[in-house]
Amino acid sequence: MTIETGDRFGLGGAILTRRQHLPLRMVSCLVQTALLHAVFGWWGMWLWAAAYIGSQLFESWLGPRMMRNPPETAARAANMAVVLFFPSAIVFGGLAMALWVGAGVYGPALGVACIAGAMTNLIVLSRGSRIAFAASATPYGLYLLVMPLTDVGKVSSPLLTAMMIAVGLIMLNIIGAWIATEEARKAQDDATTEAQLRRAEAEAAVEAKSAYVAAISHELRTPISAILAGAAELERTANTAQGKAQARLIGGAGQMMRTLLDDLLDLAKLEVGRMEVEAVAFDLRAATNDVVRMWRVQAREKGLRLRVEGAAKLPSWVQGDPTRLRQVLNNLLSNAIKFTAEGSVTLRIQTEPAQEGVHALSLAVIDTGPGMTPEQVAKLFTPFEQLEAGTARKHGGSGLGLAISRELARLMGGDLVASSAANEGATFTVSLTLPAAEAPAPAETPDVAEARLLVVDDHVVNRQAIALVLAPLGITPQTAASGEEALARLAVEPFDLVLMDVYMPDMDGREATRQLRASAGPNRDIPVIAITASATERDWEACREAGMTGHVAKPIEPAQLYAALEEALADEAERKAAA
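Count the sequence shown with the UniProt record's numbering and you get residues 1 to 579, in order.
Certain hints may be false.
[To be verified] Below, a list of computed lysine-lysine pairs in the PhoX-like style, where the Cα atoms sit at most 25 Å apart:
{"no.": "1", "residue 1": "K338", "residue 2": "K302"}
{"no.": "2", "residue 1": "K244", "residue 2": "K302"}
{"no.": "3", "residue 1": "K379", "residue 2": "K269"}
{"no.": "4", "residue 1": "K338", "residue 2": "K379"}
Hint data in this document are derived by calculation from the structure and do not stem from the laboratory. The model shown is predicted, which means the values in this text are computed figures rather than measured ones.
All chains should be built: construct the whole structure from the sequences, respecting the hints.
So this is what it looks like as structure tokens:
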């Protein structure tokens, strides 16, 4: 039965606590009864036990029913407390009186011990309710006052006076203990409330900061996409070496902007627990080789040797998150090359034979750079920390890469640790366990050059950037500036695929896709690829539910877009062949 504990006098809480302690009180009653019967031969003890247990059951039954209408005034609360708690206190105190009178020379001591024990127990049972404590303690206090009076005429007046003083001291100590306990409880409750408030404020601040970072990143991805796409097209069409070099310079700057933006967004996701990793089959050997091949050029330009040890033992197909693993390796190799002036950078690969279909993998990036002190190593994984004040000016970077890499490694079920000593280089080791996976059957690459595509985006810059990315494939896409315009064209013109921006004013990409799937037009079943700056698993799940068949993150990487196009068109060709 549910008990209302939110009343202003705390009776509900006291009733609930007493109900929870009911089994213990009943067992204690039976043990006391058995012992006193064995020692004194009092058969009447069993009648007392029946009366006490009955009063406890009555209280347990009546309390919740009375609290269905919590008291609004102190007088009503006091009346309820008297009805509930007086009977059991009177019955229990009767045992103490019987012991004082009839248990011989030790009777008074036993009687006072019973009352003192019961009143001490009230400190726990009446926690949070002054009225409950007063109603329960009053009968016990009266018993303590009455018991010495039964010895009037039997003991000297000084002794009787001393007994009354002792009784008063017992009651004062019990009341003082209850007050002290209540003050401590209130202080604890206040501290807990304050801590919860501060935690809520901190979480709200982190959430607001993350939302702000996400919003800004979404707005920045549009010009960055245009920069990257334009630079790639300029490099492709440049007729001179100088023109190609200038295009690469623009592209490199755009890539640096994208890396910083991605780091900020990743940190925001990690802070609010929204970063997610996937588990897909991928070629670990090929992924590692791709990363090494990319950084080998930069190492050579700096006069460094980039070596790989143990690559032959690396398993091929495993299950995990290839994107996040590449991100971690890219961060580690980038830092190693950045901070190493001469010598080499080594990627040392260690694997253990697969046990129960799981590979234990260790990837260590070792450099011959200046090394670090223990104090520097301790700060290494703190966001925005740079080892020295001039590090950012000299080497660039935001101080986020290592912090993000460690959290990503842990999200993937592993860890990232660092070891170093001053002037002795540094070693960063990623440890992972990756289940083995089967290599997929080779798929035929569809001819995308003849595909008719519709690009839907409210930003003209984005539409132009995507057109530039598609140009090397021989595709000139059709465009629409809104969800409404896209639906109008899709209702009458045949297309093979739609690239749909997710966040657009008026009608967003998900709603446009839902309406397309519900239509009777010629394109209701064609693939729709989501183009979004917020490619979390939660966002992608919402896109899938709307009817989208794939997604590509902004800023758009040509290779990712090409892969998404090929996969979507291949799946569509299989669907049509099976129809």
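* Are the Cα positions of K338 and K302 separated by 25 Å at most? -> With a Cα-Cα distance of about 9 Å, the restraint between K338 and K302 holds, given a limit of 25 Å.
* K338 and K379: Cα distance at most 25 Å? -> Satisfied, since the Cα-Cα distance of roughly 18 Å is no more than 25 Å.
* Below or equal to 25 Å on CA atoms is what counts here, so check K379 against K269. => holds (21 Å)
* Asked: Going straight from one Cα to the other, do K244 and K302 come out at no more than 25 Å?
  -> holds (21 Å)
In summary, this structure violates none of the numbered hints.
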